[in-house]
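Line order of the protein sequences matches chains A and B.
Residue 62 in my numbering sits at position 62 of the first sequence, and the numbers go up by one each step.
Residue 1397 in my numbering sits at position 397 of the second sequence, and the numbers go up by one each step.
For the record, the hints were derived by calculation from the structure and aren't laboratory data.
In this text, all values refer to a predicted model and were calculated from it rather than measured experimentally.
Idealized CB from N, CA, C, for every residue including glycine.
Just to be clear, a hint being listed does not mean it is correct.
Okay, the calculated beta carbon distance ranges per label pair [to be verified]:
(1) B/S1417 / A/M241: 37 to 45 Å
(2) B/T1300 / A/R245: 13 to 21 Å
(3) B/E1228 / A/P150: 26 to 34 Å
(4) A/E80 / B/A1512: 53 to 61 Å
(5) B/A1209 / A/G193: 20 to 28 Å
(6) A/R245 / B/N1742: 52 to 60 Å
(7) A/G193 / B/E1734: 28 to 36 Å
(8) B/H1472 / A/F13: 26 to 34 Å
(9) B/H1472 / A/P150: 44 to 52 Å
(10) A/D250 / B/A1209: 34 to 42 Å
Below, in silico cross-link-like pairs of lysine-lysine (DSSO-like), each with a Cα-Cα straight-line distance of 30 Å or less [said to hold, decoys possible]:
(11) B/K1766 / A/K164
(12) A/K164 / B/K1719
(13) A/K132 / A/K37
(14) B/K1554 / A/K132
(15) B/K1297 / A/K200
(16) B/K1719 / A/K209
(17) A/K209 / B/K1710
(18) A/K37 / B/K1710
(19) A/K200 / A/K31
(20) A/K209 / B/K1766
(21) B/K1481 / A/K19
To list a few chain A residues with every Cβ distance to chain B over 10 Å, as calculated [claimed, not checked]:
(22) K9
(23) K19
(24) T40
(25) T61
(26) D104
(27) P119
(28) R125
(29) L129
(30) P150
(31) L257
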Amino acid sequence: MDKTQYLVKQEPFYQAQGKEVALYEAAYAAKLPVMVKGPTGCGKSRFVEYMAWKLQRPLITVACNEDMTASDLVGRYLLEANGTRWLDGPLTTAARIGAICYLDEIVEARQDTTVVIHPLTDHRRVLPLDKKGELVEAHPDFQLVISYNPGYQSLMKDLKQSTKQRFTAFDFDYPAPELETLILTKETGLAEGTAAKLVKIGQVGRNLKGHGLDEGISTRLLVYAATLIKRGVDAQDACRMALVRPITDDADIRATLDHAIDTTFV
Amino acid sequence: MTTGIRTVADARQRAFEHPQVQDYWKAVDCGFAQVADVFEECIYDALTSLHKDEMAAYVEAARLLGKLGRGAEPMLVFLQEWPSVAQSVGPGALEPVVLFIKAMQKSPNGKAITPFLQTLAAVARRLQSAEQIENYLDVARELMVRTTGSIHGHHSTFPSPGLPHLFEQAPFLLNLLPLGGLKNWVDYGIRNYSHHPERQEEYFGLKLADSKAVMQRERRGTLFADVERQLDLYLRALWQDGDQLVPYSTAFDELRKPIPYFDSRGLRVPDVFEDAGQIGGIDRYRAVLAHMVGHRKWSTPQIADNWSPFQRMAVEFFEDCRIETLLCRAYPGLRRIFLALHPKPVEEACDPATTSCLRHRLAMLSRAFLDAAHGYRDAELNLVVARFHALLQDGPSNTAEMASLALAYVAKTRRQSDQLAKVHFDDTVIDYRDDNRHLWQFIEDSDDEDFFDDPDKKLAKESEIVGLPPRHYPEWDHHTKTYRPDWTSVYEALHPSGNPADIDKLLEKHAALAKQLKRLLDLLKPQDKVRIRYQEEGSELDLDVALRALVDFKGGATPDPRINMSHRTDGRNIAVMLLVDQSESLHQKVGAGETAQSILELSQEAVSLLAWAIDRLGDPLAIAGFHSNTRHEVRYQHIKGFSERWDDTVKARVAAMDAGYSTRMGAALRHAGHYLGARKADKRILLVLTDGEPADIDVTDPEHLRADTKKAVEELDTKGITTFCLSLDPKADEYVREIFGNRFRVLDRIERLPEQLPMLYLSLTK
Ligand SMILES: Nc1ncnc2c1ncn2[C@@H]1O[C@H](COP(=O)(O)OP(=O)(O)O)[C@@H](O)[C@H]1O
Ligand SMILES: [Mg+2]
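All chains, full assembly: derive it from the sequences and hints.
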């Protein structure tokens, strides 16, 4: 197995919001499972990627979805011309090679799927492959990380208390204005002044959370808008396209956000 | 009551259970049985919007209406409608209304009193302030005075033909016109039809072509009522200000045109804005709001006693410009709007030999502060402009700095002629600025009266709790971070029953919605068997997939082994508990006119629809209501149990739902959790429907019950119960997140509750 294929080759740009880097390092040193909480597009995945790079550990990312089964995580037998062959799933691979396994948006997976991670998260650090009759002992470098957006307005999509209780957690939110501006400039090369204006629009949108908007405008969308502007798109058009149209169809809210855009970019 | 004619004496001697109601009944001194029948209900309704001392005035006005000699109707309508009027515009409108009724009674227009009262609540909801109501009365009075008895020179013997029609049409008209437009429309009718009684009736009944045409003509500009939500969103989104907006009318006070202002009751704005050049009405509103918000953010009151009116005026101009400079820093595009609305005084327009020019000088200065391209040559002006910008260069400066700059400028440019009576006004009025009343403090006659809430405002019905002994729950003390053990007593009782047919009627009313829900439900409804594809082990071969795998295999590729499918009965395994706030405030009315409903009625509809929907879906549902009267008496009323079906017994309980007392939410949550926690289900959801924050009369620290409720939610969470709050309080943001975390929704349009509650449930459990 070639571990290096899972290494993050280049340093990803990550702007720390607080002490999370040092805290993560401590959690990793103790091999504690980590949960990264926060709204969509606030930098959770970027953080994990950065930490994998910093710790020089392989990173195996699984984007969870509703159709995912336990076998998709653990592995399965495949048919071959002369019999069958076992193929490890990403979780098993990570446990064997000592990678960081990142289950992104874990609540998207069904609860009967998520329970397979439980034995890996307690002191046993094992993964039973029932079908294969094998008990994989996790490599000492293995770590489990999950991300989770508590803002989901579906109560069905929530983590079981018994799952939550197995993780240490980081509570992320959209970065403070100065930081978010910095992220936009470093990520896209956009001039600081323009970036600060985008961040301001983001803030305006976030003020309407709960008043017709389920979630505010994410950092990711701001990065999109910045990218468009950097490519020569008119700032007001870029904002409407990347920040307003995707998130709402409510005419009053659109008018309000449009006004904020018109009076911010002149 | 039995049928048959009751004598007058009967009604007067009607006995009421509650001694206070009995006192009021005595005070109205009324012999009408129709009034007696609804009196108690009216009083309870009134108590939700009126203070104790206001109650006396209310009852007195009712008494007066009973003595007009016009039967029971005026009094009946008044008793029923007034609480709702007071709700919209405050109790201060009572006095002018009573005066106006007396005037109608004295003239031959007494017949118009009932139509007047019938639409008053709807009118009040549209006008939203007592001042506006007075303006409305002025319009009606004008019509009355000018069209009464003037036919063929007779002496005040004929009532105004148009007046009752005006009252009937008023809600409709005010939906389309600002009050000023209504006034013009009425004036036109008076001018043209005061001598034709039939035509006049037709005009005011909106039956004549020109009465419609004139109405259309008056429909211009942006009506506050139509953009209120957008303005709310604007304040919230761009300025993080959630204050109340209160409209006033500009059409009445000719001498002193009202200008925007703000006080403890909210931000006051005109009821209509016409476009001004390229600036649309909505942007004029935004400019006004931005300016006021700026003051609230950056201005500090100054002691006014030692300054002359001129000096104060100058300080105001300077401070206004500082505020706008800061606003433009936040949103540079505002400058375009401000400049388009700001007059551009011509430099030599004012002759100091004959006229007081101070205003003119200040208005030029104001323009110059904001407009780099002002082009004024006056040296003193340019000097001050430079100083102004220097002060603001590295920060927001402050009101005191502006004041000294302004005073220096006034001193330096003072002229004898500033004292002249003739003042140059042209191009000096900046109409998006507020009146700056907040900027001044007068030490001399400060009247800091202390108001305090009378805790006895609400009548306490005598408690008639029968049933189980109380259960005690702890309450969280956020100061000491400890529980107060066994602090609350929760009494559980079976909810009283009413008529289940009422609920069926409600459901019929929502037939269309029910149809729509049914479609959604069918999608969500657990199919007995659900097919799960892509299984390695399963009960049946999935032919499509198997074939694909075979092809892969033959072609030398790795086949997908998940060629089976299996079935399972749907995994929807949810238990829901709906906890309904039944506190006093639910008596509040929402909506206008005929369609006005109390929050309680809307809650009943919503609960019925939800129960109906969940029953079809098959999720076990329990419903309970709660309210409290101190910690010793938290009442928890059982409406539906998990195992009860949505049938007539349950409907009867929903039909009898009533409201009273306060909202001790934490105790109710814990009690509900006690039942829900015992259910075996994958998902246990506690839905809370409330119109306000936790409160009770024995608690003065508003933070206390909030903190306790938050704690209760956390307790439930550790028990595996998910709590979700649907709040009907538009001001809920301040606390609801603190209590419920992300699990809440604030319903801005309460009238849509019946449709929203089931929809919310469906989307939450999708
Ligand atoms: N702290 C940060 N440092 C650098 N980039 C960030 C940061 N936060 C957000 N971003 C930007 O926002 C985008 C979305 O972040 P991502 O990590 O994918 O969000 P999430 O996983 O929370 O949904 C990233 O691609 C990156 O461009
Ligand atoms: Mg209440």
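Status of each hint after checking the structure:
1. Between B/S1417 and A/M241 the beta carbon distance is about 58 Å. The supplied range of 37 to 45 Å is therefore violated.
2. Against the hinted window of 13 to 21 Å, the Cβ-Cβ separation of B/T1300 and A/R245 comes to about 41 Å, which falls outside the hint.
3. A hinted range of 26 to 34 Å for the beta carbons of B/E1228 and A/P150 is consistent with their spacing of about 33 Å.
4. For the pair A/E80 and B/A1512, the supplied restraint of 53 to 61 Å holds, since their beta-carbon distance comes to about 59 Å.
5. Distance hint for B/A1209 and A/G193: a CB-CB separation of about 59 Å, inconsistent with the stated range 20 to 28 Å.
6. In this structure, A/R245 and B/N1742 break the distance hint of 52 to 60 Å, their C-beta atoms being roughly 24 Å apart.
7. Checked against the hint of 28 to 36 Å, the pair A/G193 and B/E1734 passes, with Cβ atoms roughly 34 Å apart.
8. With their beta carbons about 57 Å apart, B/H1472 and A/F13 fall outside the hinted range of 26 to 34 Å.
9. Checked against the hint of 44 to 52 Å, the pair B/H1472 and A/P150 fails, with Cβ atoms roughly 33 Å apart.
10. For the hinted restraint 34 to 42 Å between A/D250 and B/A1209, the CB-CB distance of approximately 39 Å keeps it satisfied.
11. In summary, the hint linking B/K1766 to A/K164 is supported, as the alpha carbons are separated by about 22 Å, within the 30 Å threshold.
12. For a cut-off of 30 Å, the pair hint linking A/K164 to B/K1719 stands: about 13 Å separates their Cα positions.
13. Of the supplied pair hints, the one linking A/K132 and A/K37 is violated, its CA atoms being roughly 34 Å apart against a limit of 30 Å.
14. Between B/K1554 and A/K132, the direct Cα distance comes to roughly 25 Å. Compliance with the 30 Å bound is thereby established for this hinted pair.
15. The hinted pair formed by B/K1297 and A/K200 meets the criterion: a straight-line CA distance of about 18 Å does not exceed 30 Å.
16. Taking the CA atoms of B/K1719 and A/K209, the gap is about 28 Å. The hint holds against a cut of 30 Å.
17. For the hint linking A/K209 to B/K1710, the alpha-carbon distance of about 20 Å falls within 30 Å, and the restraint holds.
18. Note on A/K37 and B/K1710: the hinted pairing holds, with a Cα-Cα distance of about 20 Å set against a maximum of 30 Å.
19. In summary, the hint linking A/K200 to A/K31 is not supported, as the alpha carbons are separated by about 39 Å, beyond the 30 Å threshold.
20. Using a Cα cut-off of 30 Å, the hinted pair A/K209 and B/K1766 holds, with the two alpha carbons roughly 21 Å apart.
21. Of the supplied pair hints, the one linking B/K1481 and A/K19 holds, its CA atoms being roughly 28 Å apart against a limit of 30 Å.
22. Look at A/K9: its CB is around 28 Å from the nearest CB on chain B, clear of 10 Å, so calling it non-interface holds up.
23. With a least CB separation of 23 Å from chain B, A/K19 remains clear of the 10 Å interface cut-off, as annotated.
24. Annotated as non-interface, A/T40 keeps its C-beta farther than 10 Å from every C-beta of chain B; the closest such distance is 13 Å.
25. With a closest Cβ-Cβ approach of about 22 Å to chain B, A/T61 is found to remain outside the 10 Å limit, as its non-interface label requires.
26. Distance check for A/D104 against chain B: the nearest CB is about 19 Å away, which clears 10 Å, and the non-interface claim stands.
27. The Cβ of A/P119 sits about 21 Å from the closest Cβ of chain B, beyond the 10 Å cut-off, so the non-interface label holds.
28. Non-interface call for A/R125 relative to chain B: holds, since the shortest CB-CB distance, roughly 26 Å, exceeds 10 Å.
29. Under the 10 Å C-beta cut-off, the non-interface status given to A/L129 relative to chain B holds; the minimum distance is some 13 Å.
30. Not every Cβ of chain B is farther than 10 Å from the Cβ of A/P150; the closest lies at roughly 6 Å, contradicting the non-interface assignment.
31. The beta carbon of A/L257 is not kept farther than 10 Å from every beta carbon of chain B, the shortest such distance being approximately 7 Å.
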